[in-house]
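Asks: Below are the chains, spelled out letter by letter.
2 protein chains.
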Amino acid sequence: MEQRRFHVAVVGATGAVGQQMVQTLENRNFPVGKLTLLSSERSAGKKMRFRGEEIEVQAAKPESFEGVDIALFSAGGSVSKALAPEAVKRGAIVIDNTSAFRMEENVPLVVPEVNENDLTWHNGIIANPNCSTIQMVVALEPIRQAFGLKKVIVSTYQAVSGAGAQAIEELKAQSKAVLNGEPVTPEILPVKSDRKHYQIAFNAIPQIDKFQENGFTFEEMKMINETKKIMHMPELQVAATCVRIPVISGHSESVYIEIEKDGVSADDIKAVLKDAPGVILQDDPSEQVYPMPVDCVGKYDVFVGRIRKDLDHDRAFHLWVVSDNLLKGAAWNSVQIAESLIKLGIVK
Amino acid sequence: MEQRRFHVAVVGATGAVGQQMVQTLENRNFPVGKLTLLSSERSAGKKMRFRGEEIEVQAAKPESFEGVDIALFSAGGSVSKALAPEAVKRGAIVIDNTSAFRMEENVPLVVPEVNENDLTWHNGIIANPNCSTIQMVVALEPIRQAFGLKKVIVSTYQAVSGAGAQAIEELKAQSKAVLNGEPVTPEILPVKSDRKHYQIAFNAIPQIDKFQENGFTFEEMKMINETKKIMHMPELQVAATCVRIPVISGHSESVYIEIEKDGVSADDIKAVLKDAPGVILQDDPSEQVYPMPVDCVGKYDVFVGRIRKDLDHDRAFHLWVVSDNLLKGAAWNSVQIAESLIKLGIVK
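Going line by line, the protein sequences match chains A and B. Mind the numbering: the first sequence is residues 84 to 431 in our numbering, read in order. Mind the numbering: the second sequence is residues 84 to 431 in our numbering, read in order.
None of these hints come from the bench; they were simulated from the model. Treat the hints loosely; a few may be bogus.
Each pair may be met inside one copy or between any two copies, as identical chains are not told apart.
[Claimed, not checked] BS3-like, lysine-lysine: derived pairs with alpha carbons at most 30 Å apart: (1) K275 to K255; (2) K275 to K129; (3) K164 to K293; (4) K259 to K275; (5) K279 to K382.
If you're wondering where the values come from, they're calculated on a predicted model, not measured in any experiment.
Work out the full structure: start from the sequences and follow the hints.
Replies: Structure below.
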């Protein structure tokens, strides 16, 4: 029997995440029958390669989604808000990588290792969580299942690629300038649309996305709210401090957790994570083995190490969680959702 | 009346911290009558400038300390262990920047803003705390005094200069290589004397100093144990995750605290820190004002921002603490201790 093939659209195909989406569809040998690449007017006409063939990128408009089965969106929240409903109207299932619909009650927010079953109640749009949230919940869910979970405090070490291709170029150009003793003129980071911009080369910027009234940034609130929604734990205590560091790709997280069960050891946590889906345990201090961003780039997994019990609190542990923010944090999680939709028979 | 002037020795004068000690003595107009610069045999013969004069660096030996009033040590733990007692024997007060004596019961571990009075019971050697500890306790002590302090969880973002001048050169050389698409051969970081070395350029390494049996690194245990000793709080709950990032100088820290008092607001914390000694409050999210390492280099203060109340816990707060690790974290805190010794009449 011939395998069913799907008409897939990628919206924002020329961006840092969009390029990874196209590459991931190819790498995973996703059953693509037809691939439609969409972008802004500005990028339309560019050519991208998929399975050895050149595909011309078209300007996205409502009619672009005629006949599309699955539409992967990663072109910013306003594009998603305008075009995702148009895609759904034309029969596509949308997997949206922006924050536009994530907290809407009728939109499932999905990390397949954690809550794949939430796909069953979708209403056309499925939201892909924030990059820093995804890798954290992949590491926390197996611990929750085994030992319960009460509290999470995370400090992030986030790569510039999370802010797009321009931010990568800015880090490289600034790094060269600083090394040559030349002045830098920040224009993109921390937030392109915010008023002030700061040097990222050889610096750490404790702002990702804009500030809310409560002193937290939107990035921090995404980690807090999305974690509770994905894990179905409105009562979970979550706090986040999100920091941009001069890394090209690969987000790292220092995570403190309090679990429900008494008498659990660090080895118990390691045993659970060793067999957890999507997780690679890299934890051997005696051999200086722990995850680092440069090692995780290009890989789909979430890498966890530095697992140790808190010295004061029997039910508290510390972890170090690293993953490629463009892959598991974005493109791969989106394609993985599409694979789950096929596996569960939701898209036919 | 003419001011009393002191014979000061700097041991490890040619190192990253030693150079800053000499510069800080000059900048502070410290009452130096004579300055003796000491180093290993390898660096002996080098010349350094102090107040416009050239001083030749000599190889450190027990006799080097004859007539010295105050000896600032920053040449590694083994040098301190061998020579600090020799300096004391010859009448000098030693201010030691290594970890050699920090946790010894008869050695005060001092951050002047926090526990200056501990200088009164010294026995010849005074220990300067670990860089990442100093800046944190300067920020926490005024909060403790006002509202009590129960628990601290810190994740650090530490600069390479804390690992010495060679580590700075390694970061610069690796950064150039990566930008040019050339391979890198790590030789210094994370820990020169450890077996494996990893790329620091465009990376984050969750190891500073070697690992202990309990899974924490020595750097993390320094933050835990030294904080309790400096603050006279053996019961304080402290946990640390220490991470090296590609920043040249300036350590940053994401700090979660739980205080004792109920009903305290983030504004209350800010009000306390605004007037705290050694602290500069940089906290205005509406204007994107927060501390960053590139802004703190060359300054003596500890910069605090991103102060906000935890969303789940009435007595919990989050802070972002940044300081120049070579100055307040090392050279300036040592010179400041020397100034306190004079002010308190301990050295005459």
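Asks: Confirm or reject each hint.
Replies: Hints and how they fare:
Taking the closest pair of Cα atoms, K275 and K255 come within 30 Å of each other both inside a single copy (17 Å) and across two copies (27 Å). Only within a single protomer do K275 and K129 lie at most 30 Å apart by alpha-carbon distance; the minimum there is 24 Å, versus 48 Å between protomers. Taking the shortest alpha-carbon separations for K164 and K293, only the intra-copy value of 19 Å comes in at or below 30 Å, while the best inter-copy value is 50 Å. Both within a single protomer and between protomers do K259 and K275 lie at most 30 Å apart by alpha-carbon distance, with minima of 21 Å and 26 Å respectively.
For the homomeric pair K279 and K382, the shortest alpha-carbon distance between copies (23 Å) is at most 30 Å, but the shortest distance inside one copy (34 Å) is not.
In summary, the structure agrees with every hint in the numbered list given earlier.
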